[in-house]
Amino acid sequence: MSTTTAPAAPPEQAPARRRFALPGSLVRNLGLVIALVALCIVGYVTAGDRFLSTDNFVTILRFAAVIGVVSIGMTFVITAGGIDLSVGSVLGLASIWASTLATQTMAGQVHWSIIVLTACLVGAGCGLVNGVLIAYGKVVAFIATLAMMVGARGLAEMISDKRTQIVTENDFLDFFRGSPLGVPMLVWIFALVAALGWVLLNRTTFGRRTIAVGGNPEAARLAGIRVREHTVALYVLCGLCAGLAGAMMLARTTAGSSTHGTLYELDAIAAVVVGGTLLMGGRGTIVGSVLGVLIFSALSNIFTLNNLSISAQSVTKGAIIVVAVLLQQRFASRSLSSP
Amino acid sequence: MSAPLTLRRRLMLGAAGLTAVATLTAGCTSNTPAPDPNQTTTAAGGGGSEGNPNSEPGDTVVIGFSAPAADHGWMGAITSAAEARAATYQDVDLRVVEGTNDVNLQISQIETFINDGVDAIVLLPFDGAALTQVALRAMEAGIVVVNVDREFSDPNAARVTVLGDNYGMGVSAGRYICGELGDNPDAIVAEIAGIDSLPLTQDRSLGFNDGLATCGLDVDNRVAADFTIQGGEAAAANLLQAAPQIDAIWNHDDDQGVGVLAAIEAAGRDEFFMVGGAGSVNVMEAIQAGDTVLQATVIYPSTQAADGIDLARLAVQQRSLNDFAEVEVPRLVQLYAPVVTADNVEQYLPTAFQS
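Chains as they are written, first to last, in this note's numbering: chain X, 122 to 460; chain B, 2 to 356.
Source of the hints: derived by calculation from the structure; they are not laboratory data. All of these numbers come straight from a predicted model, not from anything done at the bench. Ideal Cβ placement from N, Cα and C applies to all residues, glycine included. Misleading hints may appear alongside valid ones.
[Claimed, not checked] Just some of the chain X residues that point at chain B, by a computed CB distance under 7 Å:
#1 V187
#2 K283
#3 T289
#4 T374
#5 S378
[Stated by the list, open to error] Anything over 10 Å on all C-beta distances counts as not near chain X; from chain B, calculated:
#6 A88
#7 N102
#8 D103
#9 R176
#10 A235
Put together the whole structure using the sequences plus the hints.
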């Protein structure tokens, strides 16, 4: 496969990536870990023991969990050179669909997991529509998922009549409220999704194909990868993650709302890009995305602890994104110029 | 509730001119939050009312404050009024977190307050039901939770709840229009609502119908906007097209009212008078100047969270409202929706918000 990839469009990119993939990603992840540690030191210096307490770390992780699961799905789509702007809206729609009276009644009669299943199915369904539009309809990913972003939010508002739907299914809430081994269930789910995502991207054919499609779709097609089927599968995966995140949001807030997940697509993209996944595709890192999510959650926590102004946090977030991408470009050009 | 009260006292003490002038200057020159000049005046007057035992500093109270993003004037004023109110107390340490429309983030902010062991939390939730669980946890941790404006789905989640009166706004507007048009049973009344699917809009419209019914009037033309300026402009333009002759309009929200006025001016119509809603500075100034169709507005206080700060402080310090016989701070405070006209506008201008 690599021999077929090399002579195609950007010829030097594929071999360079192959040769430098491991050390490069190690260096990048190390950089993120250093950034996170630096952030923790800032947190400790400015907020002291309040930052270091176990409760506070649990708070950071619980906040990170929902966006984290969305970001894992997003990592796959971006690695394959796509983008999914609809994840926030799909999360909202999933939270609404899974908390309708009908779903809750059915969950009460059968099993609480019906709620989770519904949310996941809604997410996967939206992802399927995205994927088919992009792969077979030849609609640009940006436009197709933009349409889904608007449409899913509207549908959520229609179903809920813009009202908040309270979850009364206590078994569902109790499950998610639990903390096995002292770690909240939402954090366990995030960890599990991240671990599965890592295996899928780094240790399976599916993952290698994803990277190949992102690096050069034409070359991937010539190498015998069914690019269109693969693209559909990727958007379904991303939608599935958004749906699961919708169920997690439902558990965290005990209520479904059409406003859930507003602008989460941007949070997820920011975390993925800061993590080191190339926005143009061809390189992806789950560990980086997890670290990216943690960096933004820790940042938000430190600002809250220090009672800082309303807008400074957004400015800092913007600065972090720019610095991270600038550094990435330096890495990328270095690995290209040194054969 | 106590904000307007102390204010009224202040006015009686003769600070009226000073306060009004200060607010006007602020309104004309900058984006300074409206309550600021008012608070400066209060501080200059000695930090609260003289002879009020509750204005004496007590044990320091750490209050965490969280509200949705300031995406319209009223919501912006909620936070700035709360900050200004807290600044007048030496014994209040206010922690304000980033305003957000993301309930996930707002929950984690409240969790941080719980971890920090604050004494009280004043919370205007983006979504009352979604924040109920974390508020319950805060109450279980012994923190005084003051719920402002959007109610939790469980009354146990708050020690004090401060609410506006949406139904009352509608009644006030309806009764005022009755007072102006009551002798004309054929008068054409129009209504420009906010986001129609929200319960608060339904409450306002219900109240408006009930208010108008006291003199046999009803709503002839009704349109709904979305609390934004462009939404107000579009809805009003349609309304003016649909109704060639109108006698009175009630517009639910002064933020969208900027757009409504623009549409009215573009259409060159002035055969009617208009009543606003919520009570912004520019609407009150227009009422004062009397050079537009705006004749009145009904208030939905943007000082609710400031009242929340007062009540949280008193509840933590185990004081009572000293004009009440009751020993404890009340469980529920619902604010009144008065009508502001040219006659009483000076009284309300200092607590108006910048849209």
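Hint by hint, here is what the structure shows:
no.	hint	result
1	V187	holds (5 Å)
2	K283	holds (4 Å)
3	T289	violated (10 Å)
4	T374	holds (4 Å)
5	S378	holds (5 Å)
6	A88	holds (14 Å)
7	N102	violated (6 Å)
8	D103	violated (7 Å)
9	R176	holds (29 Å)
10	A235	holds (18 Å)
Checked against the numbered hints above, the structure violates hints 3, 7 and 8; every other hint is satisfied.
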